[in-house]
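Trainee: In case you want the letters, here they are:
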Amino acid sequence: MEFIDALINILNSTIRVSVPLLLACLAGLYSERAGVFDIGLEGKMLAGAFAGAAAAAVFASAWIGLLIAVLVSVGMALVHGFASITHRGNQIVSGVAINFIAAGSTIILGQAWFQQGGRTPSLPPEGRFGAVNLPFADALRDVPVVGQPYSGLLSGHSLLTYVAFLAVPFTWWVLFRTRFGLRLRAVGENPAAVDTAGISVAWLRYRAVICTGILTGLAGSYMALAQNAGFVKDMTAGRGYIALAALIFAKWKPVPAMFACLLFGFLDALSIRLQGSPLPIIGKVPVQLMQALPYILTVILLAGFIGKAIPPRAGGVPYVKER
Amino acid sequence: MAEAAIELIGINKSFGAVRANRDIALEIPRGTIHGIIGENGAGKSTLMSILYGFYQADSGEIRVNGKPASIKTPNDAIAAGIGMVHQHFMLVENFSVLENVILGAEGEALLNKSIAKARSELRRLEQEYGLEVDPDAIIEELPVGLQQRVEILKALYRGAEILILDEPTGVLTPAEADHLFRILQQLKEQGKTVVLITHKLREIMAITDNVSVMRQGTMVATRKTRETTVEELAELMVGRRVLLRVEKGEAKPGAVKLSVKNLTVKDSRGVTMVDDVSFDIRAGEIVGIAGVAGNGQSELMEAVSGIRKAVSGTVMLDGKPIDLTGQADPGELRDRGLAHVPEDRHHVGLVLAFDESENSILGYHDKPQYLKGPFLNLDAIQKDAQEKIEKYDIRPANPRLKTANFSGGNQQKIVLAREIEQDPGVLIVGQPTRGVDVGAIEFIHKRLIAMRDQGKAVLLVSVELDEIRSLSDRILVMFAGRVVGERGPETGEGELGLLMAGVEHKEAAE
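Chains as they are written, first to last, in the UniProt record's numbering: chain A, 1 to 323; chain B, 1 to 510.
Hints in this document: simulated from the structure, not taken from any laboratory.
You may find that some hints are simply not true.
[To be verified] Here are some chain A residues pointing at chain B (derived, C-beta under 7 Å):
no., residue
1, 179
2, 189
3, 197
[As the list claims (entries may be wrong)] Think about it this way: if two alpha-carbon atoms lie no more than 30 Å apart in a straight line, the pair counts; the simulated DSSO-like pairs of lysine-lysine are:
no., chain 1, residue 1, chain 2, residue 2
4, B, 113, A, 251
5, B, 72, B, 188
6, B, 200, B, 391
7, A, 321, B, 72
8, A, 321, B, 402
9, B, 446, B, 367
10, A, 253, B, 372
11, B, 372, A, 321
12, B, 402, B, 200
13, B, 200, B, 248
14, B, 372, B, 391
15, A, 253, B, 117
16, B, 200, A, 321
For clarity, every value in this text was computed on a predicted model and none was experimentally measured.
Backbone N, C-alpha and C fix where the C-beta goes; we use that ideal spot for every residue, glycine too.
Assemble the whole structure, with the sequences as input and the hints as a guide.
Mentor: And the structure:
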C-alpha cells in the first residue's frame with residue numbers, strides 16, 4: 001500500500017505541475033498553427049498570473065482575478081499580433097520583448113501597489129480556486145482498485161485543472177472539425193492560399209493569437225490562484241519555454257501535446273520527490289542534477305527521439321502579398 | 001460576336017514608379033478561350049491579379065457580363081463568377097484535396113456537412129469535365145499536373161464561369177500540358193470562358209480562339225488566332241522583328257579544348273548518373289547535349305565544372321587534368337579559363353538578395369581589377385556592372401537593384417554577362433533559356449554563337465530540343481547516364497526523340 005500511496009502522490013503532483021504547461025502549450029499551438037511563432041508564452045503567463053493575483057487580492061474574488069488575468073494576457077497577445085501580423089515584425093524579437101516587459105513590470109507594479117517586494121498579498125480562500133470534489137469521491141474512497149485512483153487522483157483538483165484537460169479534446173475538435181480550425185491550419189501552412197480563397201489572413205491570425213492570450217491567461221491564473229495563493233516574482237520560472245519544447249515534441253498536435261506536458265510534469269514531480277533520498281544502486285544524487293533532469297531529458301528527446309518535427313510551413317514568416 | 005464575359009476599360013496600375021498597366025482595354029467574349037501573351041514583366045499577371053481582386057486598379061472599370069463589377073477582394077471576384085489558377089499553386093500542401101477545395105467556401109461553421117457536400121460535388125465535376133482526382137489524396141503526394149487540376153476544381157466548386165490560368169504549363173510535362181488543353185476545350189464546350197496567360201507562342205496557336213498581346217504594360221493588339229501567325233505575335237510582343245531561327249555560319253573547329261574520358265559520376269544516393277562518358281570539344285564549336293531531364297546531364301556538367309565528385313575517369317582542360325575529387329576549387333577552374341552558367345540560376349547562379357553589381361562579379365570578386373588592397377573597389381565594380389548592363393541590354397539598367405527584382409530573362413543575362421565577359425576558353429551552359437522570354441532568347445542565342453565564332457569551346461546542355469538543334473554543331477544524346485549517340489545538327493526531331501527515349505540504346509543492348 002505504501003507504494004500505491006507514493007505512486008498516487010507522484011501522479012497527483014504530476015497533474016498539478018503539468019496544468020500550466022498544458023495550458024501554455026495549447027496556447028502556443030493555436031498561435032503557431034496559424035503561422036505566428038510565440039516565444040512570449042512565458043511573459044504572457046507571468047503577466048496573467050500577476051494581474052490575476054492582484055485583482056483577486058483587491059476584489060477578493062477568484063473569478064474577477066481570472067477575468068483580469070485573461071484580459072491582460074490577451075492584451076499582450078494582441079501586442080505581439082500587432083507587431084508581427086500588422087507590422088510584419090520579427091516574431092522572435094516581439095516575443096522576447098513581451099517576456100522582458102512582463103518580467104520587469106510585474107515586479108515594479110507589484111512593489112508599487114502592494115509594497116511586498118514584488119509579491120502580491122496572500123489570497124484569502126475566496127480569492128482562490130479551491131479543490132473540486134467529484135461526485136461520490138468520499139464515498140468511493142475505500143472501494144478497492146478504483147477507489148484510490150478516483151478519489152485520490154481524479155478528484156480534488158481545482159476547476160482550472162479540469163478545464164485544462166478538457167481543452168485538449170476541445171482544441172482537437174476545433175482544429176480538425178470546424179471551419180475556423182481548417183482555416184487556422186491553412187494559414188499556418190500557406191497564407192497565400194487563404195488569401196486567394198477570399199479570407200483575411202490578418203484577421204484569422206489575430207483570432208489565433210487571441211486564443212493564445214486566453215489560454216496563457218488561464219495558465220497564469222492557475223499558477224497564482226490555484227497552485228499558489230498569490231503572485232511571487234518570476235513564478236513561471238521558464239514554464240513557457242518548456243511548453244514550447246513540449247509543443248515541438250508533440251509536433252503541434254493537441255493530444256500528443258497533453259502527453260508531452262504530462263511527461264515533463266512527471267519528470268518534474270519525480271525530481272522533487274527524489275530530492276535527497278538515495279536511489280538504489282546509484283546512491284545519493286545531487287539535488288541540482290535531479291532538478292536539471294527534466295531539461296536534460298527535454299534536450300535528449302528533442303534531439304533524437306521524436307524524428308523530424310516539421311513546424312507549420314509558414315511559421316515565423318510575416319505574410320506579404322507577392323508582387 | 002458573342003456577348004463579352006469580361007470587359008476591361010481604361011485600367012491603370014502603378015507600383016511605385018513602375019507603371020505595370022497603362023490604360024488597358026480588353027474584351028473577352030463569352031464561351032471562348034482567350035490568350036493573353038507578352039514577355040515577362042509585360043503586365044499580364046498584374047492585369048489578371050486586378051481582375052481577381054488581388055490588387056486594385058488605380059483607375060478603370062471592370063465589367064462582368066456587361067454589368068459594372070466592383071472587384072476589391074478575391075471574394076468579390078469569386079462572387080462575380082471569376083476563378084483563377086495561379087502560376088504558383090495556392091494549395092495547402094499537407095491538406096487533402098477535399099480540404100483544399102472547401103477552404104474559404106465551407107458554408108458553415110462545422111466541417112462534416114461541407115465535406116460531404118464537396119465530395120458529391122467533386123464527383124459531379126469529375127463526370128462533367130473529366131477532372132478525375134482522388135478527393136482524399138494529400139496534395140504534396142500528387143504530381144503537379146493533378147495539383148493543377150485541384151486548382152481548377154477549386155474554381156469550379158466556387159461556381160466559376162470565367163477561369164483565368166496564369167502560365168499553367170510552366171511546370172507541366174508536354175503530356176500533362178496536352179491533357180490540360182483537352183480539359184480547357186471541354187470547359188469551353190460547356191460554355192465557360194477561359195483566359196490563358198502565357199509567353200509560349202505554341203500554346204496560343206494550339207488552343208486559343210483570340211489572342212491579346214501585351215508589351216511594357218500596354219495592350220498592343222488583339223487578334224483572332226487563326227488569322228495571325230507566330231511571327232506576327234512574336235513581333236508584337238517584342239516590338240521588333242524576332243528571328244525565331246538562329247542564323248550561323250559554318251563552324252571552324254580547332255584544337256581540343258576540353259576532353260572527357262570514361263567519366264563516371266554517382267549522385268548522393270549512390271546511383272550512377274553518368275556512366276562511362278567520353279567526348280571532346282574543340283575550339284570554335286558548340287557541342288549540344290540533348291536528353292530528357294534527369295538522364296545525367298546535370299551531373300555531367302557539375303563534374304566537369306569541378307562541383308561534383310566523379311567516381312572515375314579524367315577530364316582534361318587544355319591538355320591538363322581537372323581535379324575530379326570534388327575538392328576542386330571552382331575558382332581555380334575559372335582561372336584556367338573554364339566558365340560555367342549553371343542550370344539553376346536562382347540557387348546556384350545568383351544570390352538573389354544581392355545587388356545586380358555584386359552578382360555580376362561573384363566568383364571573380366578576387367580579381368585585381370575589382371580590388372583596392374584588401375577591400376572591394378566599389379567604383380570599379382559599379383562601372384564594370386554598368387558596362388555589362390549596356391552590352392547585354394539588362395533591364396532595368398540599375399546595378400544597385402536587388403537581383404530578385406529582375407525578370408528571369410534579365411537574371412539569366414546577368415549570369416551570362418558575368419561568365420562570358422571574363423573571356424573563358426571553355427563555356428559550359430545549362431538550360432540557358434529556361435523561363436526566359438522570346439526577345440532575350442534571341443539575344444542569348446546570338447551571344448553563344450558569337451562565343452563559338454571567337455574560337456571558344458561551348459558545351460550546351462538543354463532540354464529544349466529546338467535549342468539544341470539550332471545552336472549545336474554536334475549533338476550528343478544522353479540516356480540513362482550514357483551517351484547513346486552523336487548526330488549532326490540537321491538530324492530530324494523524330495530520330496533524336498527516339499534516341500532520347502533510349503530506343504536504339506535498348507536494341508543495341510539486346
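Trainee: With reference to the structure, classify each hint as holding or not holding.
Mentor: Checked hints:
1. 179: holds, 4 Å
2. 189: Since the shortest Cβ distance to chain B is 5 Å, the answer is holds.
3. 197: Hint holds; residue 197 of chain A Cβ to chain B Cβ min 3 Å, cut 7 Å.
4. B:113 <-> A:251: holds, 28 Å
5. B:72 <-> B:188: holds, 27 Å
6. B:200 <-> B:391: This hinted pair holds, its Cα atoms lying about 26 Å apart.
7. A:321 <-> B:72: Roughly 15 Å between the alpha carbons, so the hint for residue 321 of chain A and residue 72 of chain B holds.
8. A:321 <-> B:402: With a Cα-Cα distance of about 18 Å, the restraint between residue 321 of chain A and residue 402 of chain B holds, given a limit of 30 Å.
9. B:446 <-> B:367: holds, 28 Å
10. A:253 <-> B:372: violated, 56 Å
11. B:372 <-> A:321: The hint is violated at about 41 Å.
12. B:402 <-> B:200: holds, 27 Å
13. B:200 <-> B:248: holds, 24 Å
14. B:372 <-> B:391: holds, 25 Å
15. A:253 <-> B:117: This hinted pair holds, its Cα atoms lying about 27 Å apart.
16. B:200 <-> A:321: OK: residue 200 of chain B and residue 321 of chain A at ~26 Å, within 30 Å.
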